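Undergrad: Working from the sequences, and respecting the hints, build out all of it.
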Amino acid sequence: MRPLILSFCLAVLPLSGTAQSQPEVVARVVDQHVLPGFAALESETAVLADLAIRDCNPFSSALRRAYGTAFDAWIRVSHLAFGPLEDENRLFALSFWPDERGMTPRSLERLILANDFAVESQQEFATVSVAARGFYALEFLLYDQRIISTGSDEYRCALVQAVTRDIHQTAQELDLAWRTGFADLMRNAGDNDRFHSADEALRTLLGGLNHGLEYTIDLRLGRPLGTFEAPRPLTAEARRSGRSLRHVLLALQSLDQMTALMAPDKDGVAERLAALFASAITRAQLLDDPVFVSVTEPEGHLRIEDLQRRVSDIHDAVQADLIPALGVGAGFNALDGD
Amino acid sequence: MPSRRAFLAGAAATLAVPTSGWAALGDPAYLAAARRDDGTHALHGLSAEGQILFARPLPGRGHAAAAHPTRPEAVAFARRPGVFAVVLNCADGHAEATLEAAPGRHFYGHGVFSRDGATLFTTENDLDTLQGRIGIWDASAGYARVGDIASGGIGPHDIARLPDSDVLVVANGGIATHPDSGREPLNLATMRPNLAYLTAEGGVIETQELDAALRLNSIRHLALRADGLVAAAMQWQGADDAAPPLVLTHRRGEAPRLLSAPDAVHRRMRNYAGSVGFSRDGTRLAITSPRGAQTQVFDTAEGRFLRTSRLPDVCGLAPGAEGFLVTNGQGVVAQLGDRQTVLTRHPGLSWDNHLIALG
Numbered sequence: 001m002r003p004l005i006l007s008f009c010l011a012v013l014p015l016s017g018t019a020q021s022q023p024e025v026v027a028r029v030v031d032q033h034v035l036p037g038f039a040a041l042e043s044e045t046a047v048l049a050d051l052a053i054r055d056c057n058p059f060s061s062a063l064r065r066a067y068g069t070a071f072d073a074w075i076r077v078s079h080l081a082f083g084p085l086e087d088e089n090r091l092f093a094l095s096f097w098p099d100e101r102g103m104t105p106r107s108l109e110r111l112i113l114a115n116d117f118a119v120e121s122q123q124e125f126a127t128v129s130v131a132a133r134g135f136y137a138l139e140f141l142l143y144d145q146r147i148i149s150t151g152s153d154e155y156r157c158a159l160v161q162a163v164t165r166d167i168h169q170t171a172q173e174l175d176l177a178w179r180t181g182f183a184d185l186m187r188n189a190g191d192n193d194r195f196h197s198a199d200e201a202l203r204t205l206l207g208g209l210n211h212g213l214e215y216t217i218d219l220r221l222g223r224p225l226g227t228f229e230a231p232r233p234l235t236a237e238a239r240r241s242g243r244s245l246r247h248v249l250l251a252l253q254s255l256d257q258m259t260a261l262m263a264p265d266k267d268g269v270a271e272r273l274a275a276l277f278a279s280a281i282t283r284a285q286l287l288d289d290p291v292f293v294s295v296t297e298p299e300g301h302l303r304i305e306d307l308q309r310r311v312s313d314i315h316d317a318v319q320a321d322l323i324p325a326l327g328v329g330a331g332f333n334a335l336d337g338d
Numbered sequence: 339m340p341s342r343r344a345f346l347a348g349a350a351a352t353l354a355v356p357t358s359g360w361a362a363l364g365d366p367a368y369l370a371a372a373r374r375d376d377g378t379h380a381l382h383g384l385s386a387e388g389q390i391l392f393a394r395p396l397p398g399r400g401h402a403a404a405a406h407p408t409r410p411e412a413v414a415f416a417r418r419p420g421v422f423a424v425v426l427n428c429a430d431g432h433a434e435a436t437l438e439a440a441p442g443r444h445f446y447g448h449g450v451f452s453r454d455g456a457t458l459f460t461t462e463n464d465l466d467t468l469q470g471r472i473g474i475w476d477a478s479a480g481y482a483r484v485g486d487i488a489s490g491g492i493g494p495h496d497i498a499r500l501p502d503s504d505v506l507v508v509a510n511g512g513i514a515t516h517p518d519s520g521r522e523p524l525n526l527a528t529m530r531p532n533l534a535y536l537t538a539e540g541g542v543i544e545t546q547e548l549d550a551a552l553r554l555n556s557i558r559h560l561a562l563r564a565d566g567l568v569a570a571a572m573q574w575q576g577a578d579d580a581a582p583p584l585v586l587t588h589r590r591g592e593a594p595r596l597l598s599a600p601d602a603v604h605r606r607m608r609n610y611a612g613s614v615g616f617s618r619d620g621t622r623l624a625i626t627s628p629r630g631a632q633t634q635v636f637d638t639a640e641g642r643f644l645r646t647s648r649l650p651d652v653c654g655l656a657p658g659a660e661g662f663l664v665t666n667g668q669g670v671v672a673q674l675g676d677r678q679t680v681l682t683r684h685p686g687l688s689w690d691n692h693l694i695a696l697g
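Taken in order, these protein sequences are the chains called A and B.
Numbering of the first sequence is given in the numbering used here, commencing with residue 1 and proceeding in unit increments.
Numbering of the second sequence is given in the numbering used here, commencing with residue 339 and proceeding in unit increments.
Simulated from the structure, these hints should not be mistaken for laboratory data.
Accuracy of the hints is not assured; some may be wrong.
[Stated by the list, open to error] Derived Cβ-Cβ restraints for the label pairs, each shown as a range:
1) B:D637 x A:T296: 24 to 34 angstroms
2) B:G641 x A:D336: 46 to 56 angstroms
3) A:R272 x B:R374: 38 to 48 angstroms
4) B:E387 x A:D336: 48 to 58 angstroms
5) B:D637 x A:A320: 49 to 59 angstroms
6) B:H516 x A:D87: 42 to 52 angstroms
7) A:G329 x B:G641: 33 to 43 angstroms
8) B:A456 x A:E109: 52 to 62 angstroms
9) B:L526 x A:R272: 25 to 35 angstroms
10) A:A320 x B:E592: 34 to 44 angstroms
11) A:A230 x B:D430: 51 to 61 angstroms
12) B:A433 x A:G329: 30 to 40 angstroms
13) A:G329 x B:D637: 31 to 41 angstroms
[Unchecked claim] Chain A stretches covered by chain B per the calculated footprint, using a threshold of three residues with CB under 8 angstroms from any CB of chain B:
14) 51-60
15) 206-215
16) 326-332
[Unchecked claim] A few chain A positions that, by computed beta-carbon distances, are all more than 10 angstroms from chain B:
17) G68
18) N89
19) N115
20) V293
21) S312
Everything numeric in this text was worked out from a predicted model, so none of it was measured.
For each residue, glycine too, the CB sits at the ideal point set by N, CA and C.
TA: Structure follows, in structure tokens:
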């Protein structure tokens with residue numbers, strides 16, 4: 001696996017102490033974080049789908065590499081789970097995880113054993129269970145011993161091609177929906193029905209940030225951690241392809257970049273958040289445990305718990321410092337409970 | 339929440355029930371109040387899929403509503419300290435009656451019908467004594483005021499009825515307020531909320547208080563399962579650094595059971611649960627926090643935390659096809675099962691605190 005590189009190399013301009021208006025912050029996040037993220041997802045999934053047409057062997061290192069690169073691009077935007085990702089069930093079509101009931105392997109097996117003709121057209125495939133679509137289904141097709149030895153090579157090849165084509169189709173729709181509509185709705189909040197104010201648009205972006213942090217704390221780290229007495233390493237995300245820790249890192253780096261675009265310089269808010277992200281990222285980089293198997297040992301468990309605590313510290317600082325510093329108001333119900 | 343279906347099923351055996359008038363309205367599955375973009379308020383009937391079937395204007399901000407078991411009639415309550423409640427004929431939107439709080443009283447925002455639909459009970463504040471009262475109204479005679487009984491505590495907020503009985507369950511929030519001082523709690527030093535079971539005649543059958551250490555945990559909202567299990571949601575009035583449980587379950591004659599997620603996840607609720615509800619099959623229960631922007635789901639039998647789902651400004655909560663339906667202040671109606679999916683988004687509407695299931 002190639003080393004992690006920050007693919008968002010776009011300059012994050014220092015905010016130099018000037019108070020930024022909410023519409024400016026929204027526009028900056030949309031232009032420098034969201035749109036490049038979905039554009040990268042579109043292009044990386046195009047490469048993956050194209051390659052799969054020529055090379056659908058699950059053991060092909062080129063195919064596995066393309067899978068990894070496309071999955072990376074998805075993890076970097078997976079926290080932006082609103083708007084286009086919320087529509088048409090796209091979030092789950094790309095990302096059916098966690099899968100508590102084992103529906104992904106079951107759905108794949110059913111398709112394979114039936115030689116289901118749904119793989120023959122994109123239109124048909126878009127109607128199969130979301131559990132058999134997206135990156136987590138593809139992981140089973142490329143890395144799960146049992147799935148790889150089920151049914152015929154020809155059918156599984158067609159299925160790999162169908163899944164990658166479908167992932168690319170969804171990514172294209174996302175990219176298009178953001179570029180040709182949703183980005184402007186956010187930038188021009190206040191002039192449309194979807195966002196009644198820049199405050200609401202900014203709150204939505206912050207919701208994405210919180211979602212990414214909570215997902216990392218609760219699921220990416222929380223699931224394998226389980227409890228000290230009962231750790232659950234087999235529930236780690238994307239462990240079959242050895243990507244569990246990598247996802248934590250990718251998510252943190254992407255959320256760090258997003259936060260830096262929002263955090264104002266005043267009162268040291270930006271600095272404090274950057275330091276908290278750096279601390280968590282460094283801790284993750286020092287962990288030599290790609291799929292968190294060490295949760296079963298006391299020391300390993302403590303180390304990963306420590307990483308989880310550092311991500312929780314970021315989450316706390318977002319609520320305590322960042323949101324107030326941005327002057328974001330509470331919602332209708334949050335403001336005035338009863 | 340009175341279960342119309344359960345009522346109909348039970349009643350059909352003993353008496354002839356007129357066809358439910360709700361059918362003429364497209365058989366709404368839910369009621370919810372909302373603020374509209376222009377600042378006006380309305381009560382809405384929603385389909386199971388979250389589509390708006392009707393909207394009837396309200397004179398001010400609504401809170402909860404009580405649906406009549408058989409007639410297409412809903413009582414929409416003003417939020418506290420409101421002095422009106424409107425009985426809306428949902429078929430044509432006209433106000434069949436307006437309940438005005440008795441002199442020296444205000445409503446808290448919730449109410450419930452008796453099993454036969456003939457009587458409406460409302461939670462009220464006695465402004466002289468700041469004691470909780472339950473107002474009694476004759477729903478078969480133009481909603482005339484019949485009288486009142488003690489609520490068994492201070493600050494009664496939500497009220498429900500045990501299934502297949504006329505035993506009332508009251509969440510006495512414990513907080514004394516007076517409109518002269520707004521929503522300011524006046525009795526934090528002595529506050530002691532409780533869950534009270536009452537007869538319609540005013541007899542107190544059972545009262546449950548939390549431990550003294552939790553006396554600042556205001557018991558505010560209720561949900562009932564078909565077998566009589568009560569769930570109650572709390573709002574913490576104490577120090578921010580404490581994070582006590584925000585939901586309990588209780589069965590009459592037993593001790594309450596407190597439920598909460600693991601500490602870090604629990605703290606995201608920001609010490610505030612806005613609504614509580616059981617899943618349609620009763621195996622799960624959930625609480626919403628608009629402040630924490632999440633809904634947390636628990637296994638009812640084990641009391642085990644299952645998952646949390648993020649939705650900004652979420653508050654309304656009711657049983658749904660996949661488990662639950664939730665609403666928020668941005669017009670969203672979402673389905674919550676293993677996963678959360680947005681069903682509809684109504685631009686320009688802010689759903690208010692509660693989503694009332696009709697079936």
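Undergrad: Take the hints in turn and mark each one as holding or not.
TA: Now the hints, each set against the structure:
| no. | hint | result |
| --- | --- | --- |
| 1 | B:D637 x A:T296: 24 to 34 angstroms | holds (25 angstroms) |
| 2 | B:G641 x A:D336: 46 to 56 angstroms | violated (31 angstroms) |
| 3 | A:R272 x B:R374: 38 to 48 angstroms | holds (40 angstroms) |
| 4 | B:E387 x A:D336: 48 to 58 angstroms | violated (28 angstroms) |
| 5 | B:D637 x A:A320: 49 to 59 angstroms | violated (32 angstroms) |
| 6 | B:H516 x A:D87: 42 to 52 angstroms | holds (48 angstroms) |
| 7 | A:G329 x B:G641: 33 to 43 angstroms | holds (35 angstroms) |
| 8 | B:A456 x A:E109: 52 to 62 angstroms | holds (57 angstroms) |
| 9 | B:L526 x A:R272: 25 to 35 angstroms | holds (33 angstroms) |
| 10 | A:A320 x B:E592: 34 to 44 angstroms | holds (39 angstroms) |
| 11 | A:A230 x B:D430: 51 to 61 angstroms | holds (59 angstroms) |
| 12 | B:A433 x A:G329: 30 to 40 angstroms | holds (33 angstroms) |
| 13 | A:G329 x B:D637: 31 to 41 angstroms | holds (35 angstroms) |
| 14 | 51-60 | violated (count 0) |
| 15 | 206-215 | holds (count 4) |
| 16 | 326-332 | holds (count 3) |
| 17 | G68 | holds (25 angstroms) |
| 18 | N89 | violated (7 angstroms) |
| 19 | N115 | holds (29 angstroms) |
| 20 | V293 | holds (22 angstroms) |
| 21 | S312 | violated (5 angstroms) |
Consistency note: the structure conflicts with the earlier hints numbered 2, 4, 5, 14, 18 and 21.
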